[in-house]
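Let the hints inform the model, and build the full structure from the sequences given.
Residue numbers (our numbering), protein chains in the order written: chain A, 1 to 349; chain B, 1001 to 1381; chain C, 2001 to 2076.
Any given hint might turn out to be false.
Below, simulated DSS-like cross-link-like pairs (lysine-lysine); rule was C-alpha separation at most 30 Å, straight line [unchecked claim]:
1. 148(A) with 1082(B)
2. 1109(B) with 142(A)
3. 1002(B) with 310(A)
Derived CB-CB ranges, DEER-like [said to hold, decoys possible]:
4. 1026(B) with 296(A): 44 to 54 Å
5. 175(A) with 2036(C): 52 to 62 Å
6. 1131(B) with 147(A): 13 to 23 Å
If we take Cβ atoms under 10 Å as the criterion, some of the chain A residues that face chain B in the derived model are [what the hints assert, rightly or not]:
7. 64
8. 66
9. 196
10. 224
11. 268
12. 271
13. 272
14. 320
15. 321
16. 327
17. 331
18. 332
19. 338
20. 345
Hint data in this document are derived by calculation from the structure and do not stem from the laboratory. Think of the CB as a built atom: it goes at the ideal place given N, C-alpha and C, for glycine as much as any other residue.
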Amino acid sequence: MNKYEPLGRKLDLRRGCVDLSHGAGGRAMARLIADVFHAAFDNDFLRAGNDQSAFDVSGGRMVMTTDGYVVSPLFFPGGDIGDLAVNGTINDIAMAGAKPLYMSASFILEEGFPLADLQRIAQSMGEASRAAQVPIITGDTKVVERGKADGVFISTACVGVAPVDLDLSGDKARPGDVVLLSGPIGDHGVAVMSRRENLAFETEVLSDTAALHELVAAMIDAAGASIRLMRDPTRGGLAATLNEIAHQSRVGVRISESAIPVRAQVAAACELLGLDPLFVANEGKLVAFVAPEAAETVLAAMRAHPLGEKSARIGEVIEDDHCFVQMTTGFGGGRIVDWLSGEQLPRIC
Amino acid sequence: MKHVDEYRDGEIARGLARRIAAEAREDHSYRFMEFCGGHTHAISRYGIEDLLPASIRMIHGPGCPVCVLPMGRIDDAISLAKRPEVTLCTYGDLMRVPGSNGASLLKTKAAGADIRMVYSTLDAIAIASNEPERQVVFFAIGFETTTPPTAMAIRLAQKKRLTNFTIFCNHVLTPSAIQTILEASDPDAVKIDGFVGPAHVSTIIGTAPYRRFASEFRKPVVVAGFEPLDVVQAILMLVRQVNQGRAEIENQYIRAVTEDGNRKALDEIADIFELRETFEWRGLGEIPRSALRLREPYAQFDAERRFPVVTKPARDNPACECGAILRGVKRPQDCKLFGSACTPETPMGACMVSSEGSCAAYWAYGRFRQFEQPSMQRVSR
Amino acid sequence: MCLAIPARVIELLPDEMARVSLDGVVKAVSVALVEDVVVGDYVVLHVGYALAKIDEEEARQTLALLHEVAELGAGA
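If you want it as structure tokens, here you go:
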């Protein structure tokens, strides 16, 4: 019997750092995977120790998505790159009306990255994955030289299954459809920005990162056949999402500023930095375009769910060859909500 | 938000709009220029023009320091940033402004230059303090609102005995620009009936400097606060002045602006800065005594003296109508390049580079107006 | 000109600095340009500096005037 520990000495998770050996495929990498990832994600698939995992799928259409996470800073009020990655990927599946089943996670680590931070991120992912009941069943690890990655980059994929008769798509919005929003906008972007160097301010705003698949399930139960499409307004904010849909469906959208919920602190932080909440990223919100006769029913189902308590009807779809998103301001005048070019930057003017 | 939300009240706005509609004479056309880019932005963002009768037209002025900064100065900042020892600190507004050949601070940063976006000059001073091996250059722009923060940075640098902090000074002056517009002898010039005066420039300089526009040029000026109700109230005050044949300086923003302004800020500026004989304004050409540079006692904080900076004039596209637009003679939609070659992603001239330039504001908030939009009706009598 | 926002002074700090709050968002800013600032004052904030104090009485007058001109409450 081999009396030596098969994977060598345990990692010093408190003070150790990632080095190139952790990505080289040998004992060090196996140690890293066991001590950090398997420990945090903890399921039978991973314990089998293979490069892939097999599972059965019953009934419906398969849905698949992939995503990359490069957020900086890695840790921010209300979350970190880890739970952001899990929730965000699940949400892509959920927006198709599908039930997310299994996830993969692949890590690109920068040489020198503290193991304590990596463990924190992995644990955060494990918790998010268990809360959503979507296990991470396979993964990969690579290490690159110092300076070639911003600490850690996470790439994910997720598979799910959608009911056969459900076909949500960005080109299905029709004039007369109602636009519903599941809650206040701007929380995630403000939370992240509050930790950015040279922009820091104190705030209690937390990232709204959340897995929305159960909220979606409730909406589909209520009136699935009447939902045209759903989308989560991440980068580029609500403005980007509405513009994307308007162009995909070749329609116009008309919304009312006073109907859009924004937390007071988020509004204040945006004022301070010269940002518009419409363009700020969200990570736990969705927009749904719904047939008018079912709008109240879907809205009620959303409000009944903890992640949709502050849901609101914010506008409707109109005919418009130019595909503008028009907004009536709280002040009473009109403006369009344009597609932002690149990320919004704080302004002084 | 206190002192903010009250001035965004839609019900009061509708009441004010009715009042303006009642008092604006049908047989008269009112052309008011809002000087300040911040006001241009507010007018577009809140859709204020929808509340005004058709007889009132707002002309957007050149009070946008990013817009009027010549491309050559952006090129200079990029050159400074490329120096390996330099850390260039800048406000967010400048990151995407294109210099010659499509370069920008954002692209230069992507290529490896040490360019850092800051919220305040205080952050730039902190960087200089914490990183003594770096030469920190602060890209200073802005009208009189933003000049005092630069002045205070110089004071702090003095106090901390920093030898690695300089500013690249592009501060410009409001009254000079207003004068240039009034003196412009365009054959197509639109007669401007009055000015909505800048809010926060005026907290610094007071209302006194505008008096000569009333006396010499017989133009009313109403200094207005930053919120939409402030702007609408100021427009009503201008309508009344025009109707009554008055040309006075009035202050709508009494809660923050006094006649004398901020004495302390003005004293600091007078001690630290002096007037340049002339300065090029993008779209407006050379304007004498319109910009600032550091006085000799503060030469050690002047990036233009520490580093070799030779500003080359950079010409705008000849089809670009920014000059005419900045003087209020043309509108964004009158420019051939608008919306085609010139968009916020690919700005060709001053008015599109900053989100509060006339063209950018029109693009972002108002371009739907060129098309028939029955859902957006103007308030009628 | 330029983006400036009214914020409430919640704490005075050494070196002519202060903490201000905008609806619960707190930032440390310079009050070097404004005289005699006390906790509770509202200041106009621009790029990390207070430029002026908001005069509460003048603000009240402005709002009263706005309400009057808009003829609110008079059958509007």
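Residue 1002(B) paired with residue 310(A) [C-alpha distance capped at 30 Å] | holds (24 Å)
Satisfaction of the hinted span 52 to 62 Å by the C-beta atoms belonging to residue 175(A) and residue 2036(C) | About 59 Å separates the Cβ atoms of residue 175(A) and residue 2036(C), which means 52 to 62 Å holds.
Verify the interface restraint on residue 338(A): the C-beta must sit less than 10 Å from at least one C-beta of chain B.
-> holds (5 Å)
Was the hint right that residue 196(A) lines chain B, CB cutoff 10 Å?
-> holds (9 Å)
Do residue 1026(B) and residue 296(A) keep their Cβ atoms within the hinted range of 44 to 54 Å?
-> holds (46 Å)
Do the numbers back the hint for residue 345(A), that is, is its least Cβ distance to chain B under 10 Å?
-> OK, holds: residue 345(A) within 10 Å of chain B, min 4 Å.
Regarding the pair residue 1109(B) and residue 142(A), is the alpha-carbon distance no greater than 30 Å?
-> Holds, at about 27 Å.
Taking the least C-beta to C-beta distance, is residue 331(A) closer than 10 Å to chain B?
-> holds (4 Å)
Should the hint that residue 327(A) touches chain B count as held when the rule is a Cβ pair under 10 Å?
-> Holds. Min distance 8 Å.
Hint check: is the beta carbon of residue 320(A) less than 10 Å from a beta carbon of chain B?
-> Holds: closest Cβ of chain B sits about 9 Å from residue 320(A), inside 10 Å.
Restraint outcome when residue 272(A) is required to lie within 10 Å of chain B by C-beta distance | holds (9 Å)
Straight-line alpha-carbon gap residue 148(A) to residue 1082(B), limit 30 Å | Measuring from Cα to Cα gives roughly 21 Å; hence the hint holds.
Taken one by one, the earlier hints fail for this structure at numbers 7, 8 and 10, listed in ascending order.
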